[in-house]
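Chemist: One line per chain: the protein sequences are A and B, in this order.
Using the numbering used here, the final residue of the first sequence is 978, and nothing's skipped along the way.
Using the numbering used here, the final residue of the second sequence is 978, and nothing's skipped along the way.
No lab work stands behind these hints, which were simulated from the structure alone.
Each statement offered as a hint is correct.
Copies of the same chain are indistinguishable here, so a pair counts whether it falls within one copy or spans any two.
Straight-line Cα separation of at most 25 Å, SDA-like style, residue types lysine to any residue; simulated pairs:
| hint | residue 1 | residue 2 |
| --- | --- | --- |
| 1 | K768 | R589 |
| 2 | K590 | S748 |
| 3 | K665 | R649 |
| 4 | K590 | R729 |
| 5 | K862 | D566 |
Next come the chains, spelled out residue by residue.
2 protein chains.
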Amino acid sequence: MIRILKCGEVADEDILARAIPTADVGSVVAEIIADVRKNGDAALKKYAEKFDGARLETLTVTPAEIEAAMAQVTPEFIGILEKAAGNIRAFHSRQVRNGFIINDEPGVVIGQKIIPMDRAGIYVPGGTAAYPSTVLMDLIPAKIAGVREIIMTTPPRRDGSIDPAILAAARVAGADRIFKSGGAQAIAALAYGTESVPRVDKIVGPGNAFVAEAKKQVFGAVSIDMIAGPSEILVIADGRTNPRWCAADLLSQAEHDTMASAVLITDSMALAQAVQAEIERQLPKLERSEIARAAIENNGKIIVADTLAKAVEIANAIAPEHLELCVDAPFDYLDGIRHAGSVFLGRHCPEALGDYFAGPNHTLPTGGTARFSSPLSVDDFVKKSQYIYYTRDALRKAAPDVAGFARQEGLTGHARSVLSRTEEKQ
Amino acid sequence: MIRILKCGEVADEDILARAIPTADVGSVVAEIIADVRKNGDAALKKYAEKFDGARLETLTVTPAEIEAAMAQVTPEFIGILEKAAGNIRAFHSRQVRNGFIINDEPGVVIGQKIIPMDRAGIYVPGGTAAYPSTVLMDLIPAKIAGVREIIMTTPPRRDGSIDPAILAAARVAGADRIFKSGGAQAIAALAYGTESVPRVDKIVGPGNAFVAEAKKQVFGAVSIDMIAGPSEILVIADGRTNPRWCAADLLSQAEHDTMASAVLITDSMALAQAVQAEIERQLPKLERSEIARAAIENNGKIIVADTLAKAVEIANAIAPEHLELCVDAPFDYLDGIRHAGSVFLGRHCPEALGDYFAGPNHTLPTGGTARFSSPLSVDDFVKKSQYIYYTRDALRKAAPDVAGFARQEGLTGHARSVLSRTEEKQ
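Just chain A, same shape as in the assembly (with noise of 0.2 Å):
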């Protein structure tokens, strides 16, 4: 049964713990990074013969194989995508930045460009967290910032084929290139290049544990989105909220892996036993009944608060990945979250809503980082670079405070470099 924690009774640490797993892979996905760095497709071909039980000719997923899968789906299926591609399109489009210029001072020209990325990788896992949703959340973002080859790479089943779902959401979304490889090797393959896979500026999506320590170590070598944990959600609700909404919101999280984590914070002793008693009676109907029980063990809490502004208090120092707030005036508490990847607003905004459909991004900040991490956007498919013009004038204006500066910090290189230009004229 979910515990019920009382602030004040318990601990601050029994409040905001949360159960991490840690795995310890290491040396074995070293091992998997510089197999593939030394032998390229070879490489990838055995470990998706030795992890996925599939015999590859080819790593490359044919455009007939795109065009069997969207046959495969349902029209019904491939409508829903598209409205929720839609959706996503719509909101991400938002994010899209201008660079600036700056002329403000005679013969001083500065700016900032913002430019995309050459090419993208997006890993998609396979079995069942093969979610088409998350090709959706992952590469749209990276189309609307321009970015010129966008790279998918997912793990093959066992006769070699992968999930029509998946290739349809690739589809719709708009992937380039769509290659049959998973797990620690595909990650190496994305950041290293092979003789099929190209390398890729940025690797984003979430994966299991080699494939979150084989993003840390290629990070570096090539841009990552962010080491995603076990999901989360945090729900806010006050004593008039529909328990039945509020378990089954917190059921909705706990079915996605055994160490998810799902939180009620309410001021209602009410509300608490109410929801407590609810999810007994939930949880035994849902078809992941087994991940969802083990999650509500692992990571199941209601926390009773003494008011609402207590519960927002304790929801940033959680700083969860989803934050509900099943409250009556929910905008009146949005000022006051600082730390959330995705926070839904009022009684009728389930988070699966976001998951889905909404439009803004499920690929989230987890395990507290929403401290200083963000969502999923735009941004993480673009740089920035910048750019200074002076002329010859404005150069002899600020030569001496240049050269004073470069001068105190013992660096007369980089003075004479300024000096030499008022020196001479050409």
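Starting from the known structure of chain A, arrange chain B on it as the hints suggest.
Modeler: Then chain B, alone, in the frame of chain A:
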């Protein structure tokens, strides 16, 4: 003597190669981090004595020490600091972003907020690499971002004091608290907190191999700016450029570090030879001539290309930290520069102008990471948070699609969380 390589006559690898030092300090750094997490301030004091030769009573820099520093530096230098800080503020103020809100469909509000981080940590190296310019460049964007508290740490000198120029820069830029701690131990303190040093959300700033490794190891528990490598300049110059200016610019970078990289690309063999001779003439006159000489031998290079278009292509492949365009119409080339941290346009724009004064940041991606990384900016000190609000009617409209998507992914709990709201009114 700096080498001259003729495009087409040498392999691409030779043109693109740059030697980047690697140090295997992983286990030493891991030990230091574990020690700081366990022993806090006591560990910081122990390492200050061991590595910096300083016996410290307290780790905190007092207001009196800062006042004394302001009196120790010249008023002229404070004037230069203030002018530079003004230019840096003007540029970075333009990077401040607004959130957005979309309300295009009845009952649907979605948006993105930009939220400053609670606390940032600025690392400032000691010794000959103690640059007040870096204090300005790292601190001012955090200040403009609206970070609530800015912490600075820097290693003490043997007598326990801090270089007054560093403290003066910190005062001008607006550090909130300053601590005497350097190396991997300072990074550990910023990442996890000690009795004196508060835990921060983001660590920025350059440092030696131990600092770089420590930043890599704490990444994930905290956000970091980048792993900075040796500094780099790439000058593209046509035959009408003064060879003395080219040589001075290459040497201004070479004097930083024996592994710094200084590369000229030109379409004129005459200029190549003149710059080669000029470097030999200027080198002995530098105060740091030994360092510069080593850098020129290690990573100095003059590449002769057939055309300036080819020069730009090579520059994009190198993706340098600093790129000078010493040509007649430099803005004509700006569009073609895809990968460079900072671009210096025209013959009167030496890199030193950007290092100290013009306003754009001087903390820039090195080692080819300009492919995917950006100059330090206000963006480094904020994070985004999304929000979604749906009315009951809006949810009812979206419910079939959301539930359909969830069922496709086998997540019936997700579907339930939406459908339970359409079944019951509240």
